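> In order, the protein sequence lines correspond to chains P and Y.
Per this note's numbering, the very first residue in the first sequence carries number 179; after that it's consecutive.
Per this note's numbering, the very first residue in the second sequence carries number 7; after that it's consecutive.
Any given hint might turn out to be false.
[Claimed, not checked] Simulated pairs of lysine to aspartate or glutamate, EDC-like, Cα-Cα distance not exceeding 16 Å:
1) Y/Lys171 - P/Asp182
2) Y/Lys180 - P/Glu184
3) Y/Lys171 - P/Asp293
4) Y/Lys180 - P/Asp182
5) Y/Lys167 - P/Glu184
[Stated by the list, open to error] Stretch by stretch, here's where chain Y covers chain P in the computed footprint (C-beta under 8 Å, at least three residues):
6) 190-200
7) 206-213
In case anyone wonders, no lab produced these hints; they're calculated from the structure.
Given the structure is predicted, the values throughout are model-derived calculations rather than measurements.
No residue lacks a Cβ here, since even glycine has one placed at the ideal position from N, Cα and C.
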Amino acid sequence: MSNDIESRMRAALRPVAPREEFSQTLLARTLIETAARPKPRGFTAARLRPMAWWLTASLAASLVLAVGVHQHLEQQRLQQSGLEARREVLKALRVTSQKLNLAYEAVKSQSTSLDDEKSGV
Amino acid sequence: MNDAAADPLDDELAKARSGDRAALGVLVQAHQRSVYSLALRMLGTRDLAEDLTQEVFMQLNGNLRSIDSNKHLRFWLRQVASNRAIDQLRRRARLQWTSLEEETQLFSDEEDSDPLLQRHMRALLAELSPPARAVLLLRYQEDLDPQDIARTLDMPLNTVKSHLKRSLESMREKTAGPLPVRCEDNST
Chain P
179 MSNDIESRMR AALRPVAPRE EFSQTLLART LIETAARPKP RGFTAARLRP
229 MAWWLTASLA ASLVLAVGVH QHLEQQRLQQ SGLEARREVL KALRVTSQKL
279 NLAYEAVKSQ STSLDDEKSG V
Chain Y
7 MNDAAADPLD DELAKARSGD RAALGVLVQA HQRSVYSLAL RMLGTRDLAE
57 DLTQEVFMQL NGNLRSIDSN KHLRFWLRQV ASNRAIDQLR RRARLQWTSL
107 EEETQLFSDE EDSDPLLQRH MRALLAELSP PARAVLLLRY QEDLDPQDIA
157 RTLDMPLNTV KSHLKRSLES MREKTAGPLP VRCEDNST
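With these hints in hand, go ahead and build the complete structure from the sequences.
This is the structure we're talking about:
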């Protein structure tokens with residue numbers, strides 16, 4: 179009984195065809211829509227791949243430039259500090275030399291006054 | 007069971023995906039009957055059914071690349087058509103089923119179709135909720151098994167089974183009325 183009802187329901191519910199006019203309209207509209215639609219895969223494959231290549235290349239170039247600039251600045255900084263140290267050493271030598279000269283002058287004048295005292299006696 | 011056999015529409019689908027409009031036309035013609043019937047019996051009027059069929063195929067255009075076989079395409083079309091119809095019916099709250107009386111194209115008019123059964127069928131469809139109606143149509147129009155219906159409508163299997171059981175019971179009650187067909191059945 180159940181199978182009988184089911185098979186009769188299947189028979190009643192067999193798919194029906196739409197109107198021929200609608201069928202033609204549907205086909206035409208679907209095809210027009212397809213023709214009007216841009217092809218996204220073409221865009222991604224053809225355009226995004228070179229874009230990615232350019233992006234990678236420019237990133238690599240930026241990295242190389244940044245490393246070069248950093249090294250150059252570091253070298254300049256070292257050179258500057260070397261010159262500064264050299265100036266400091268020269269200044270220290272100059273000061274030492276002046277002090278030694280003063281000491282020498284003092285010793286020399288003291289020995290001269292002692293000699294004068296001896297000759298006066 | 008014979009899914010492994012090559013489906014000639016798989017080739018058409020592959021061509022359509024690469025932009026072949028003629029192949030897309032073949033697919034539209036192959037599937038429009040099923041989508042239209044589903045829409046017609048869900049919504050009840052030819053105009054609404056035609057609009058929905060058109061919307062479904064327009065949506066297919068944008069999704070063609072995600073569909074990998076004709077079997078998948080059939081599943082996708084049924085899913086989209088059923089869900090759109092259910093949504094539409096829910097939005098409208100109540101469909102004007104009185105208009106169904108004037109719809110001559112709602113059921114198959116082949117030689118072995120029974121006008122009395124069609125009347126019962128019409129009454130049954132009118133009393134079902136939109137999801138239950140979709141379940142009934144996918145079962146008896148599209149010949150899907152309950153698992154496939156559950157997948158198509160994203161519905162628990164037990165819900166599908168209970169919708170089918172209730173629909174069958176209701177149909178049995180209707181056909182058990184004082185009808186000439188029933189009298190003949192009893193005599194045998």
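> All hints, please: hold or fail.
Right, here's what the structure says about each hint:
1. Y/Lys171 - P/Asp182: Cα-Cα ~15 Å, so holds.
2. Y/Lys180 - P/Glu184: holds (13 Å)
3. Y/Lys171 - P/Asp293: violated (142 Å)
4. Y/Lys180 - P/Asp182: holds (14 Å)
5. Y/Lys167 - P/Glu184: Given pair Y/Lys167, P/Glu184 holds - Cα atoms ~14 Å apart, limit 16 Å.
6. 190-200: n = 9 at 8 Å, threshold three: holds.
7. 206-213: holds (count 6)
In summary, the one numbered hint that this structure violates is 3.
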